[in-house]
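Student: Sequence:
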Amino acid sequence: MGRITASKKQLKGDPRFNSLLAGKFINCLMLDGKKTVAQKVFYDALEEIGTRGETDDLSPIEVFEQSIENIKPYIEVRSKRVGGASYQVPMQVNRARQQALAIRWLLEAVRDKKGRPTHLKLADEIMAGFKKEGVAYTKRENTHRMADANKAFAHFAW
Numbered sequence: 001m002g003r004i005t006a007s008k009k010q011l012k013g014d015p016r017f018n019s020l021l022a023g024k025f026i027n028c029l030m031l032d033g034k035k036t037v038a039q040k041v042f043y044d045a046l047e048e049i050g051t052r053g054e055t056d057d058l059s060p061i062e063v064f065e066q067s068i069e070n071i072k073p074y075i076e077v078r079s080k081r082v083g084g085a086s087y088q089v090p091m092q093v094n095r096a097r098q099q100a101l102a103i104r105w106l107l108e109a110v111r112d113k114k115g116r117p118t119h120l121k122l123a124d125e126i127m128a129g130f131k132k133e134g135v136a137y138t139k140r141e142n143t144h145r146m147a148d149a150n151k152a153f154a155h156f157a158w
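According to UniProt numbering, the sequence shown holds residues 1 to 158 in order.
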């Protein structure tokens, strides 16, 4: 086995905006080690957002950051086994996991759509997250709803 490296320590900002969040997103978007392809898809999506002009005088990178912020879950359910029964226990999500889940859900939503170039699908999903709609935002709402429904088991969170 190779050495385990902490992604956070090695993470560099993206070349254009020097944003750590954008750098992390590009790394997650990347397939087969093709980072330049992932960067091109990401930057083309941001340019597409900029040309649409639907944002309130925000730069495309600010729209992206706000979209990720809107998609982040603050509470989730975790399975806890107590006395032979499994309970869905609502628990708070730490900041690193919030970001990881938001990025994962956004990319999942983009990859599930078919028939269009990836940068257009990504631009659509980022805009949907910015407007608090879309597949990734719906996933967050479902997570929150499930946690709210299982509030009765919150005392098992220790």
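One thing to keep in mind: the hints can contain errors.
Each computed DSSO-like pair below joins lysine-lysine, with the alpha-carbon atoms no more than 27 Å apart [as the list claims (entries may be wrong)]:
#, residue 1, residue 2
1, Lys40, Lys113
2, Lys139, Lys121
3, Lys34, Lys80
4, Lys121, Lys151
These are computed hints drawn from the structure, not numbers from a lab.
Student: Hints broken by the structure, by number, lowest first?
Tutor: 3 and 4
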